[in-house]
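Below are the chains, spelled out letter by letter.
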Amino acid sequence: MSELGIVFALLGAVLAALVSGIGSAIGVGMGGEAGAGVITEDPSKFGKVLILQLLPGTQGIYGLLIAFITLSQIGVLGGSADVSLVKGLLYFCACMPMALVGYFSALRQARASVASIATVAKRPEQFGKAMIFPAMVETYAILALLISILAVVGVGSLNI
Amino acid sequence: MAVLQMQHISICALKKDRKKILELLQRMEMIEICDVMKEDILFQKMDLSNSKTIFEKNVSIANNALEILCSYVKEDKSMLSSFSGRIVTPPEAYDSFRSKYEEVLKIAKDISACAKKIAEAKAEIIKLQEQLEMLKPWINLDIPIGFKGTKSTVVHIGILPNEWNEEQIYVELASCMPVHLEVISKSKEQTCVFVVCMKEVSDQVIENLRRIGFAKPSYSSKIEPAAYQAEINDMILELQQGMEGAKQSIIKMSERRDDIKFLADYDVMRAEKYEVIGHLLQTRNVFVLTGYIAEKDKSAVEDALNARFDIVISYDEVRDDEEVPVQLSNNAFSAPIESVIEAYSPPGKGEVDPTFAVSLFYYMLFGIMFSDAGYGAIMSIACAVILKKKKNMEQGIKKMLQMFFYCGIATVFWGIVFGSFFGDAVSVIATTFFNSDFTIPPLWFNPAIEPMRMLTFAMIIGIIHLFSGLLMKGMQLVRQKDIKGLFYDVISWYALLTGSILVLMSMQMFVDILGIDFVLPGVVGNIGAILALIGSAVIILTNGRESRSPFKRLLKGLYAFYGITGYLSDVLSYSRLLALGLATGVIGSVINKMAAMTGDGIVGIILFVIIFIAGHTLNIGINALGAYVHTNRLQYVEFFGKFYEGGGRSFSPFKVNTKYYKFKEKMNNE
Numbered sequence: 001m002s003e004l005g006i007v008f009a010l011l012g013a014v015l016a017a018l019v020s021g022i023g024s025a026i027g028v029g030m031g032g033e034a035g036a037g038v039i040t041e042d043p044s045k046f047g048k049v050l051i052l053q054l055l056p057g058t059q060g061i062y063g064l065l066i067a068f069i070t071l072s073q074i075g076v077l078g079g080s081a082d083v084s085l086v087k088g089l090l091y092f093c094a095c096m097p098m099a100l101v102g103y104f105s106a107l108r109q110a111r112a113s114v115a116s117i118a119t120v121a122k123r124p125e126q127f128g129k130a131m132i133f134p135a136m137v138e139t140y141a142i143l144a145l146l147i148s149i150l151a152v153v154g155v156g157s158l159n160i
Numbered sequence: 161m162a163v164l165q166m167q168h169i170s171i172c173a174l175k176k177d178r179k180k181i182l183e184l185l186q187r188m189e190m191i192e193i194c195d196v197m198k199e200d201i202l203f204q205k206m207d208l209s210n211s212k213t214i215f216e217k218n219v220s221i222a223n224n225a226l227e228i229l230c231s232y233v234k235e236d237k238s239m240l241s242s243f244s245g246r247i248v249t250p251p252e253a254y255d256s257f258r259s260k261y262e263e264v265l266k267i268a269k270d271i272s273a274c275a276k277k278i279a280e281a282k283a284e285i286i287k288l289q290e291q292l293e294m295l296k297p298w299i300n301l302d303i304p305i306g307f308k309g310t311k312s313t314v315v316h317i318g319i320l321p322n323e324w325n326e327e328q329i330y331v332e333l334a335s336c337m338p339v340h341l342e343v344i345s346k347s348k349e350q351t352c353v354f355v356v357c358m359k360e361v362s363d364q365v366i367e368n369l370r371r372i373g374f375a376k377p378s379y380s381s382k383i384e385p386a387a388y389q390a391e392i393n394d395m396i397l398e399l400q401q402g403m404e405g406a407k408q409s410i411i412k413m414s415e416r417r418d419d420i421k422f423l424a425d426y427d428v429m430r431a432e433k434y435e436v437i438g439h440l441l442q443t444r445n446v447f448v449l450t451g452y453i454a455e456k457d458k459s460a461v462e463d464a465l466n467a468r469f470d471i472v473i474s475y476d477e478v479r480d481d482e483e484v485p486v487q488l489s490n491n492a493f494s495a496p497i498e499s500v501i502e503a504y505s506p507p508g509k510g511e512v513d514p515t516f517a518v519s520l521f522y523y524m525l526f527g528i529m530f531s532d533a534g535y536g537a538i539m540s541i542a543c544a545v546i547l548k549k550k551k552n553m554e555q556g557i558k559k560m561l562q563m564f565f566y567c568g569i570a571t572v573f574w575g576i577v578f579g580s581f582f583g584d585a586v587s588v589i590a591t592t593f594f595n596s597d598f599t600i601p602p603l604w605f606n607p608a609i610e611p612m613r614m615l616t617f618a619m620i621i622g623i624i625h626l627f628s629g630l631l632m633k634g635m636q637l638v639r640q641k642d643i644k645g646l647f648y649d650v651i652s653w654y655a656l657l658t659g660s661i662l663v664l665m666s667m668q669m670f671v672d673i674l675g676i677d678f679v680l681p682g683v684v685g686n687i688g689a690i691l692a693l694i695g696s697a698v699i700i701l702t703n704g705r706e707s708r709s710p711f712k713r714l715l716k717g718l719y720a721f722y723g724i725t726g727y728l729s730d731v732l733s734y735s736r737l738l739a740l741g742l743a744t745g746v747i748g749s750v751i752n753k754m755a756a757m758t759g760d761g762i763v764g765i766i767l768f769v770i771i772f773i774a775g776h777t778l779n780i781g782i783n784a785l786g787a788y789v790h791t792n793r794l795q796y797v798e799f800f801g802k803f804y805e806g807g808g809r810s811f812s813p814f815k816v817n818t819k820y821y822k823f824k825e826k827m828n829n830e
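Heads up: the protein sequence lines correspond to chains A and B, in order. Residue 160 in this note's numbering sits at position 160 of the first sequence, with consecutive numbering throughout. Residue 546 in this note's numbering sits at position 386 of the second sequence, with consecutive numbering throughout.
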C-alpha cells in the first residue's frame with residue numbers, strides 16, 4: 001500500500017496550489033474589474049488601485065510555496081519518492097490549511113479590496129488606511145501558510 | 161523628531177502692496193491662512209468668487225487645450241520623466257507673463273475651436289458617407305430621383321423587395337399596358353426600378369406595383385444620382401481639407417505648449433490667491449491676513465516681508481483648545497517615513513511624533529520580509545540612480561524613493577544574514593554551469609532550513625517592537641504629566657508581559673517548541689510569576705479607574721486584563737516576517753530551478769538568462785509589494801495600537817499648487 005502515500009502527498013500539494021490559486025485568481029479579477037472602472041474616471045490613480053488589486057493575489061503565491069516545499073520534501077522534484085501511506089496522509093493534512101484558508105481568505109480579501117478601491121476613488125489621500133483593511137484579512141492566510149510550512153517541514157523529519 | 165510648534169501670525173499691511181505680498185507668501189509656502197478675527201464695520205471681507213470662477217474656467221480651457229495638443233503632437237517623454245518634477249522658474253517669469261496672457265489664452269481657445277471643428281467635420285463626413293451608400297443602387301439612373309413625369313406620362317421610381325427581373329415585373333403590370341420599365345440595379349434584398357406609364361393608367365400601375373411591395377426611395381432630390389454623388393464627394397473632400405487645415409494649425413500651435421502650461425499654472429495660482437483674498441479683512445487702505453506659521457519659519461517670513469514692504473507683523477500663541485495643523489520635522493534618516501505617518505493620520509493633540517520610532521523598525525521589518533541581498537541591491541541602486549539623476553523631484557516622490565533606498569539597504573543586510581542572493585542563484589549557477597558545489601553560506605542561518613528558529617526570531621522582534629510601542633505610550637504619558645497613568649497603564653503591562661515571558665522561558669516544554677537550547681532556572685520562573693501577578697493585579701484594580709462604582713471598576717479592570725490575549729495575537733502576527741521572508745526565498749529558488757532545467761549549452765545559457773531575469777523581476781514586484789503592505793500593517797496595527805491614535809490635520813500652507821512650473825522665492829540665506 002506504500003504506493004498510495006505519494007499519491008496523497010501529491011494530492012495535498014496540488015490542492016494547496018490549485019485551490020488557493022483559484023481563490024486568488026477570482027480575487028485579483030474582482031479587484032481588476034473595480035480598478036478598471038476607477039481608471040476610466042481618473043487614470044492617475046493607477047498605481048494605488050493596482051496595489052489594492054494585487055493584495056488578494058498573495059494567497060496563490062503562498063499555495064505555490066506550500067506545493068513547492070511539499071514536492072521537494074516528497075522527492076517528486078528529484079530524489080527518492082519513498083513515502084509511506086501515513087506520511088502521505090500527513091502531508092495531505094499539512095497542505096489543507098493553506099488550500100482552504102487560502103481560497104476563502106482570497107475571496108473575502110478581494111471584497112475588502114474592492115471596497116477599498118471605492119474609497120481610493122473618492123478619497124485618494126486615504127490610501128494608507130484603505131490598504132490596511134484588505135491586509136487585515138491576509139493575516140489569516142499568513143497564519144495558515146505558517147502552519148502549513150511548519151507541518152510539511154515537520155512531517156518530513158518524522159520517521160514513520 | 162518632532163511636531164513643529166505653530167503660532168498665529170497676523171500681518172497688517174497697505175492695500176496697494178496686497179498683490180505683491182500675497183504672491184510672495186504664496187511662493188514661500190510657509191503660512192496656512194485661517195480666519196481668526198471676525199468682520200466688523202471697519203474690517204470687512206470681499207466676495208471675489210466671480211473672478212475666481214473666471215480663473216478656474218481659464219484653467220480648464222488651458223488644460224483642455226493641452227489635452228488636445230497631446231493627442232495630436234506627442235510630447236517627448238523619457239521613461240524617467242515622471243520623476244522630473246516641475247520646472248523651476250524665477251518669479252520674474254511670473255510677472256512678465258502678464259503681457260502674454262491674453263494672447264496665450266486666445267491660442268488655447270483656438271486650439272479648442274480647431275478640435276471642435278475637426279470633431280464636427282468627422283460627424284458630417286460620416287453622415288455624407290451614409291448618403292453615398294444610399295445612392296449607390298441608383299447610380300445608373302440618368303434622371304433625378306425626384307422626377308415625377310412629363311405632361312402625359314407619370315414616372316414611378318422606387319424599390320421592390322427581393323430580386324426581380326424585367327419580365328417578372330412586366331407580368332405583374334400586364335393589365336395596364338403600355339408601360340415601360342427599367343431595372344436600375346438589383347440585389348438579393350432589393351430591386352430598384354424605374355417605371356413610365358401614361359397618366360391614365362398611373363393609379364392602376366401603382367396599385368399593381370404596391371401589391372408586389374413597391375416603395376418610394378427614402379430620399380428625394382432634384383439632381384441626377386451621379387451628379388449628386390459627385391457633389392457629396394466634393395463636400396467630403398472639402399471637409400477633409402478643413403480637418404487637415406485645423407489639424408495643421410493645432411500642430412503649429414503646439415509650439416506654444418509651454419506657454420499654455422504656464423497659463424494653466426498662472427491661473428491656478430491666481431485662483432488660489434483670490435481665494436485667500438476672500439479671507440482677508442480689509443478696510444479702504446489696509447488689510448489684515450491671519451494664519452498659522454511654524455515657529456522656525458518666522459524669521460524667514462519676517463525678513464522677506466520687512467525688506468520690501470511697510471508692514472506690521474504680530475504673533476499669538478495658539479490656544480489650548482484649538483485644532484492646530486501639524487507639520488512634522490525629522491532628520492534625513494526618518495523624514496522619508498513621514499509620508500507613512502501621514503497616510504495613517506498626523507499626530508493628534510498631545511501626541512508625540514512617532515516618525516523616528518517608526519523609522520527605526522520600518523526599514524528593518526521591510527528588510528526581514530524582503531530578505532534577499534540581490535533584490536535589495538537592485539532596489540537601492542534603482543532608487544539611488546533616480547535620486548541622483550533627477551535633482552528637481554517633487555518632495556513626495558523624493559521621500560518615497562529615499563524610503564525605498566533605505567529599505568533596500570536593510571534588505572541587503574538581512575539577505576546576507578539569511579544567505580539569500582537571488583534565492584539560491586549562486587549555488588544553482590555553480591552546479592549547473594561550473595559543476596562545483598560553491599555556495600555563499602548565510603551569515604547566521606537559513607530560514608528555509610530552520611523555520612522554527614526564524615519563527616522564534618520573528619517573535620522576539622515582535623516583542624521588542626511592541627515593548628517600544630509601550631515605551632512610546634509611557635513617554636507620551638510623561639509628557640502629559642500623567643505619572644499615575646504611566647504606572648497603571650504602562651509599567652504594569654511591562655511587569656505582566658516580562659513576567660509571563662520569564663515563566664514561559666523556564667518551562668521545558670515551551671523552550672522545546674521554540675527550539676532554544678537553554679531553560680531559565682525555576683527561580684527566575686518564580687520571580688517572573690510574581691512579577692506577572694503584581695502586574696495583573698495592578699491592571700485589574702486600576703484600569704477601570706474612571707468609573708465610580710467599585711463593581712464596574714473591577715469589571716473594567718478585568719476586561720483590560722483580558723487585553724493580554726491581544727498581546728498574544730500581536731506577537732503571533734509577527735510570524736508574517738517568517739512567512740513573507742520564506743515566500744521571497746522559495747519563489748526565488750523555484751525560478752532558479754526552472755531556469756537551471758534548460759541545461760548548460762549555449763541555448764541553455766540564453767534561456768537561463770531570460771527565465772532568470774523575467775522570473776526574478778516578477779518576484780521582486782510581488783514580494784516588494786507584500787513587504788511594503790505588511791510593514792505598514794505591523795506599524796499601523798500592532799505598533800500604533802499601543803500608543804498612537806492620530807487624528808491631527810496636516811499643515812496645508814498657502815502655496816503654489818501648480819502642475820508644470822515651480823516658482824521659488826529666493827531666500828535671503830540662500
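A hint or two may mislead.
[Stated by the list, open to error] Selected chain B positions facing chain A (Cβ under 8 Å, derived; list incomplete):
{"id": "1", "residue": "414"}
{"id": "2", "residue": "611"}
{"id": "3", "residue": "724"}
{"id": "4", "residue": "725"}
{"id": "5", "residue": "726"}
{"id": "6", "residue": "731"}
{"id": "7", "residue": "739"}
{"id": "8", "residue": "742"}
{"id": "9", "residue": "743"}
{"id": "10", "residue": "782"}
{"id": "11", "residue": "785"}
{"id": "12", "residue": "796"}
{"id": "13", "residue": "797"}
{"id": "14", "residue": "800"}
Hints were generated in silico from the structure; no laboratory data involved. Given the structure is predicted, the values throughout are model-derived calculations rather than measurements. Idealized CB from N, CA, C, for every residue including glycine.
Now the hints, each set against the structure:
no. : hint : result
1   : 414  : violated (22 Å)
2   : 611  : holds (6 Å)
3   : 724  : violated (19 Å)
4   : 725  : violated (15 Å)
5   : 726  : violated (14 Å)
6   : 731  : violated (13 Å)
7   : 739  : holds (5 Å)
8   : 742  : holds (6 Å)
9   : 743  : holds (6 Å)
10  : 782  : holds (6 Å)
11  : 785  : holds (6 Å)
12  : 796  : holds (5 Å)
13  : 797  : holds (7 Å)
14  : 800  : violated (10 Å)
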